[in-house]
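K.L.:
Build the full structure now, drawing on both the sequences and the hints.
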Amino acid sequence: CEGYCNDEDSPVCGTNGVTYRNFCVYMNAACRDKTLSLKSTDACEGYVPESKSSPSLFGTVTSTSTSEYSCDNTCTNNRLQVCASDDVTYTNPCQFNAARCK
Numbered sequence: 001c002e003g004y005c006n007d008e009d010s011p012v013c014g015t016n017g018v019t020y021r022n023f024c025v026y027m028n029a030a031c032r033d034k035t036l037s038l039k040s041t042d043a044c045e046g047y048v049p050e051s052k053s054s055p056s057l058f059g060t061v062t063s064t065s066t067s068e069y070s071c072d073n074t075c076t077n078n079r080l081q082v083c084a085s086d087d088v089t090y091t092n093p094c095q096f097n098a099a100r101c102k
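The numbering of the sequence shown is full-length UniProt numbering, which starts it at 1 and goes up by one.
It cannot be assumed that every hint is accurate.
Estimated spans, in silico, between C-beta atoms of each pair [said to hold, decoys possible]:
1. V48 x T89: 28 to 38 Å
2. G46 x V88: 28 to 38 Å
3. R32 x A99: 16 to 26 Å
4. S10 x T89: 30 to 40 Å
5. D42 x C101: 18 to 28 Å
Source of the hints: derived by calculation from the structure; they are not laboratory data.
Model, not experiment: these values are computed from the prediction.
Where a beta carbon is used, it is the ideal one built from N, C-alpha and C, also for glycine.
P.N.:
This is the structure we're talking about:
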């Protein structure tokens with residue numbers, strides 16, 4: 001379930017309120033927690049980025065998620081392709097999450 005992720009800072013927000021360093025780190029977390037969905041392709045509200053010199057804890061969940069899995073996905077046509085673990089490529093993260101609901 002764990003794939004290698006680079007250190008690219010391109011934060012995304014999960015439905016659990018966690019800001020992940022990038023989409024890859026989010027995907028690793030979503031693989032472990034099937035209830036996790038992508039809330040936005042930006043950092044979560046209230047997120048304050050750490051300085052480059054401090055250790056990063058992006059993608060670490062320290063409490064049990066109480067969020068419900070959201071299947072109300074109104075997707076745009078932005079192209080940020082996602083390759084799922086079943087080798088299906090989705091146009092973007094929203095379409096990936098929508099497929100998880102089926």
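K.L.:
For every hint, state whether the structure bears it out.
P.N.:
Hint-by-hint comparison with the structure:
1. V48 x T89: 28 to 38 Å: holds (34 Å)
2. G46 x V88: 28 to 38 Å: holds (34 Å)
3. R32 x A99: 16 to 26 Å: Holds, at about 18 Å.
4. S10 x T89: 30 to 40 Å: For S10 and T89 the Cβ distance comes to about 19 Å; the hint is violated.
5. D42 x C101: 18 to 28 Å: holds (22 Å)
In this structure, only the earlier hint numbered 4 is contradicted, and the remaining ones agree with it.
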